[in-house]
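K.L.:
Construct the entire structure; sequences and hints are all you get.
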Amino acid sequence: MHPQLFCSVVESIANAAISLSPATKEKLPMLDEKRLAVHLQELGFSLVISQDQGKLLITSPSEDVIIADCTISTSVSALKELKNEQQLTALIKTDKLDIEGDMKVAQQFASLADSVDIDWPAELERHIGDIATHKLITLGKKASAKAEFVKTQISSDASEYVVYEQQLVVTQPEIQGWVEDIDEVTKQSTTIEQRIAQLTERLNRLKSR
Amino acid sequence: MSEQQQNNSETNEQQTHFGYQTVDKNDKESMVAGVFHSVAQQYDIMNDLMSFGVHRLWKRFTIDASGVRPGNKVLDLAGGTGDLTAKFSQLVGKEGQVILADINSSMLNVGRDKLRDRGLVQNIEYVQANAEYLPFDDNTFNIVTIAFGLRNVTNKDNALKSIFRVLKPGGRLLVLEFSKPEQELLNKAYDFYSFNILPKMGEFVAKDGDSYQYLAESIRMHPDQETLKSMMENAGFEQTTYNNLTGGIVALHKGYKF
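For the protein sequence lines, the chains are A and B, in the order given.
FYI, the numbering for the first sequence is 1 to 209, going by the numbering used here.
FYI, the numbering for the second sequence is 1 to 258, going by the numbering used here.
Simulated from the structure, these hints should not be mistaken for lab results.
Heads up, none of these hints are tricks.
Part of the chain A face toward chain B, derived, beta carbon under 8 Å:
#, residue
1, L5
2, S8
3, E33
C-beta: ideal position from N, C-alpha, C; glycine also.
P.N.:
Structural data, given as structure tokens:
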């Protein structure tokens, strides 16, 4: 029942978003009697999307043959690239996308998804009041600005590191060469130490005669 | 022979089960009617409470397995408060038609009011009908569903034959019904829940513990997965299969008329 649970959740979220976006609501009637089938490789099951009386319907038919105006087989990663019409041919050629039927239907559904524009402050105001909304939004903007500053700072530091500091950093082969040099010096000093010991011993023997 | 088949054969031809009671066949219809007149107003909320909302997924599974297409004619038998009808109505479109049929007028009224409140009016008809004697012409429907209704029917074989008659060739029947859990541990937990918690829940919410005691008993007396599959085959259905849902607490049987 995983497909049904998935469809149920996605359908609820989609319809909630549509109800909050007047522009999307206006576009829904143009999809009347249209059915888009989507098979996403990651999911392993097909989804059929249609609309009825201002509501999106998402089902997952268990039949092998699915009747739809347009059927798309793709992956979640390629789905993001579908927005760019110029990418379509490249995706089809590389077997990342397979389309059967009326492509216009798929584009209409994509355009519907793009049109979702929710006035969050107005929606929030209805639930928690205008003062709380104002404070929350001001706080959100400050947090967003702070996050943007941190992001810019990290990006700038990273660039500086890559451009300048990384060139100064000792590389792995250099460290390896240095370690080998130390080993060589150690070896030589051990040899000298042994030689000194031998000479000292010989000197002592000569003195004792 | 299964325990249930033995129970069935032990029952006199003029008698049938009403939960664990053996009653006269003529009385069962009115006794079941009494149960549903009593619970109709609280039916939806009790379904959500009893199944923790999972009944919505069972019904979605049924819709997805039905292969419904725009323009289809669907009979939602024992449709109660119209959950399946609502979804079918949206999927068959303007060219299609859904008939919500129930033997119980209270359930039918609740269903009709609910669907009308949701603006679902254009392709739905309401018929008060007994599943054993369906008032429709032969070869009328593409799909017939009966969700959580077959176990309340007095003579299930007659109902299956009647459904077979009204289905078009190529049409299919989907029976969504409580069944027998596959795992013994789940079976025991389910028994405890059904006989100890369910009637109390019914008493508290619907002010009718007896009806929910009947619900638990009628589920135990209903044919198990294989027995119901055989009954469907005896009625003439072909390519009969079933899917266990939630460990077999519920099963969806599907059969075709060719």
